[in-house]
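Student: This is what each chain is made of:
There are 2 protein chains.
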Amino acid sequence: MTAENRLSINQWSMRTTPCEQFIGAVAAAGIESVGLWRQNVAEIGTQRAARLVQDAGLRVSSLCRGGFLTAATPAGRRAALDDNRRAIDEAHQLGAGVLVMVVGGLERGWSISRVRDTIPQTIAELAPYAEDAGVRLALEPMHPMFAADRAVISTLADALRLAEASGHRSVGVVVDTYHVWWDPQVLDAIAMIGSADRLLSYQVSDWNLPLAPDPLLSRGVMGDGYIDFSELTTAVAATGYSGDIEAEIFNADLWAMPITESLAWVRSRYESVVRPHLVVRPHL
Amino acid sequence: MTAENRLSINQWSMRTTPCEQFIGAVAAAGIESVGLWRQNVAEIGTQRAARLVQDAGLRVSSLCRGGFLTAATPAGRRAALDDNRRAIDEAHQLGAGVLVMVVGGLERGWSISRVRDTIPQTIAELAPYAEDAGVRLALEPMHPMFAADRAVISTLADALRLAEASGHRSVGVVVDTYHVWWDPQVLDAIAMIGSADRLLSYQVSDWNLPLAPDPLLSRGVMGDGYIDFSELTTAVAATGYSGDIEAEIFNADLWAMPITESLAWVRSRYESVVRPHLVVRPHL
Numbered sequence: 000m001t002a003e004n005r006l007s008i009n010q011w012s013m014r015t016t017p018c019e020q021f022i023g024a025v026a027a028a029g030i031e032s033v034g035l036w037r038q039n040v041a042e043i044g045t046q047r048a049a050r051l052v053q054d055a056g057l058r059v060s061s062l063c064r065g066g067f068l069t070a071a072t073p074a075g076r077r078a079a080l081d082d083n084r085r086a087i088d089e090a091h092q093l094g095a096g097v098l099v100m101v102v103g104g105l106e107r108g109w110s111i112s113r114v115r116d117t118i119p120q121t122i123a124e125l126a127p128y129a130e131d132a133g134v135r136l137a138l139e140p141m142h143p144m145f146a147a148d149r150a151v152i153s154t155l156a157d158a159l160r161l162a163e164a165s166g167h168r169s170v171g172v173v174v175d176t177y178h179v180w181w182d183p184q185v186l187d188a189i190a191m192i193g194s195a196d197r198l199l200s201y202q203v204s205d206w207n208l209p210l211a212p213d214p215l216l217s218r219g220v221m222g223d224g225y226i227d228f229s230e231l232t233t234a235v236a237a238t239g240y241s242g243d244i245e246a247e248i249f250n251a252d253l254w255a256m257p258i259t260e261s262l263a264w265v266r267s268r269y270e271s272v273v274r275p276h277l278v279v280r281p282h283l
Numbered sequence: 000m001t002a003e004n005r006l007s008i009n010q011w012s013m014r015t016t017p018c019e020q021f022i023g024a025v026a027a028a029g030i031e032s033v034g035l036w037r038q039n040v041a042e043i044g045t046q047r048a049a050r051l052v053q054d055a056g057l058r059v060s061s062l063c064r065g066g067f068l069t070a071a072t073p074a075g076r077r078a079a080l081d082d083n084r085r086a087i088d089e090a091h092q093l094g095a096g097v098l099v100m101v102v103g104g105l106e107r108g109w110s111i112s113r114v115r116d117t118i119p120q121t122i123a124e125l126a127p128y129a130e131d132a133g134v135r136l137a138l139e140p141m142h143p144m145f146a147a148d149r150a151v152i153s154t155l156a157d158a159l160r161l162a163e164a165s166g167h168r169s170v171g172v173v174v175d176t177y178h179v180w181w182d183p184q185v186l187d188a189i190a191m192i193g194s195a196d197r198l199l200s201y202q203v204s205d206w207n208l209p210l211a212p213d214p215l216l217s218r219g220v221m222g223d224g225y226i227d228f229s230e231l232t233t234a235v236a237a238t239g240y241s242g243d244i245e246a247e248i249f250n251a252d253l254w255a256m257p258i259t260e261s262l263a264w265v266r267s268r269y270e271s272v273v274r275p276h277l278v279v280r281p282h283l
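Protein chains in written order, with numbering that gives the first Met the number 0: chain R, 0 to 283; chain L, 0 to 283.
What the hints contain is simulated information worked out from the structure, not anything from laboratory work.
There may be inaccurate statements among the hints.
DEER-style ranges, computed between Cβ atoms [to be verified]:
no.	chain 1	residue 1	chain 2	residue 2	range
1	R	D213	L	T15	21 to 31 Å
2	L	A211	R	D196	38 to 48 Å
3	L	E124	R	R77	53 to 63 Å
4	L	D81	R	D213	37 to 47 Å
5	R	M256	L	A255	33 to 43 Å
6	R	A190	L	L215	29 to 39 Å
7	R	Q184	L	S241	24 to 34 Å
8	L	A71	R	G29	38 to 48 Å
All residues carry an ideal CB built from backbone N, CA and C; glycine is no exception.
Starting from the given sequences, assemble the full structure and let the hints guide the process.
Tutor: Here it is, written out as C-alpha cells:
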C-alpha cells in the first residue's frame, strides 16, 4: 500500500453515527480508509457493509475485534475460538487484512503471568484459519490499567514475544499510542516489531487528563493531551510501515458533534500532529 | 533488620485517623512499624511525631514522600530541591531510613522520554544530602496511568536504570505491588534490583475493579483483587530483602471503619496472603 492519504477513521471514534451513514460521511469527506467494529457492522450485516465500503472506494484498515481468549472453562474457550473464526470470516468479507485481538483478562485468583503464557497456543489454533482467509491477527497490548479486565498483554515487547511464540509469521502487533506511550522501551519495541515484519496497525489518540470516570473514554484527539506523537510516529515510519494510520478515539466530546465536524477535527489534528512525522528522514 | 513481625502500616491506609491516635493504635495492636506521610506528621510537628514513635517502640519503614522534581522553571526546580531537603531532614528526625520519591509528571507538550532522562541528575543533587542524613532515596515507579501527572517512572527496570544513572549507590527503588503487578518483566526486575542492593521498600495492596472514580483510591486490601502476591512476594524474599512490608492501601471502605477494625483486617490479610511467601525456600 502506498496511499498518500493514509488517515483511517476507526468507527468507534464516531460511534454515535449509524454504520451506513458513517461509511458515507467518511467517503464524502475525502478520507480513504475506515476501521470497522463487528457490532456496528452487524447493524446492517457484513455483506451490506462490505458492499458499501467497496462502492465508496474505501480501504478497511482493520476490524475490531477478536480475542477474549482467556475463558475459565473449556466450553468458554471453545465458544471464544468459534467466535474468533466468525470474526476472521467477517474480516475476510469486509476486505480487512487485519483483525485486532484484545486477548482477554483474568479471573480473580489467577496469575497474570500464567495466563499470558497460554496466549501463544490459543493464537496458534486460530492462525491457520486466519491465514487461509488472508487475515493477519494483530495482538493489541493495552494500557496496564486494563490488564485485569481486558488484556493481559501490556507492552509492545511482550506482544512481540507472544506473537513470535505462536510460531506463525502472520501474527503481528498493533501499536496504539494511547496504550503504549508511557513505556520506556516503546521506541526499541517498535523497531523490533518492524524488523520482525509484524507491525500490522498504527492507531492514534492522545492521553487526556483527568481520566474519565470510565477510563476507556479518556482518549483525546491528537494534540489535546500528553503524548509525544513525534517520537512514536517517527519510530513507526522508520520501520517502513506503509499502512493506514487509524484514529481510534473514544471521547464524549467527539461523539456529541455532528460527524462532519468531528471528522474535520480529527483530520486537521492528524495533518498537524501526526502526518508531518511520517516522512522518513535519511540518515546523514 | 531481622524482625519477625515485619508488617508496617502506611499512614494513608488509615488516613482518617489523626497522627497521634494512628501511632497509638498501631502500637496497641502489637504492630511494630509504620510508614509516615509528611503532611500528616505536620499536624503535630516532626519532633513530637518522632518522640511518639520512639516512645511506642515503632520502626518507621519509610517517609512519604519526596519528589515532584520535574518543574518547568528553574525557580520551580529550586523550590522542589529545597522541599526535598526538608523531607530528608524530617526522615532523619523520624528515624526513617527511606524517603519515597514520586518523581513528578509532565507539562503538556513535553516529551516523557526527555523528562525521564533529567531524573538522574536531579537525584544526584539530592543524594549527598540524603547520605549525610542516613536516608536512602527510593524511586517509586508508579502505575502507567499516573505517568502524565505524577511519575514519569513506570517500571521497576526503568527505576533501576535511573537509580544507577544517578551515580549514587544509596539511591534505590520501591516495589509497590499496585503499581507494578501487571509488568511482564516484574520478576526479573525485582531480582536485578536486589542484586544491585537497591531494593529499599516493599509496599503491598491489591488491584481492585472497577477502578474508583479517583483511580488513586482503587487500591484494595490484599486478597480482594487481581494481584498474585505469591509470585511477587517470593521474588522479593529471594533477593534477601529483610525490611518491613508496608501495607499502603488508599481505600474508602478501610477509611470508613474504626481503626481497630481496619488494622485487624489488614493484618489478617497480610498474614494469610503475603507473609506465607516471605519464607525463602532453598533450591533443591
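Student: Are the hints correct? Go through all of them and say.
Tutor: How the hints compare with the structure:
Between D213 (chain R) and T15 (chain L) the beta carbon distance is about 28 Å. The supplied range of 21 to 31 Å therefore holds. Between A211 (chain L) and D196 (chain R) the CB atoms are about 42 Å apart, so this pair conforms to the stated range of 38 to 48 Å. Judged by the Cβ atoms, the range 53 to 63 Å given for E124 (chain L) and R77 (chain R) holds: they are separated by roughly 59 Å. The hinted window of 37 to 47 Å between D81 (chain L) and D213 (chain R) holds, with their beta carbons roughly 40 Å apart.
Checking the proposed 33 to 43 Å range against M256 (chain R) and A255 (chain L) shows it holds: the Cβ atoms sit about 41 Å from each other. A beta carbon spacing of about 34 Å between A190 (chain R) and L215 (chain L) agrees with the range 29 to 39 Å that was offered as a hint. One distance hint, 24 to 34 Å for the beta-carbon pair Q184 (chain R) and S241 (chain L), holds here, with the actual separation near 31 Å. One distance hint, 38 to 48 Å for the beta-carbon pair A71 (chain L) and G29 (chain R), holds here, with the actual separation near 40 Å.
Every hint, counting from the list given before, is met by this structure.
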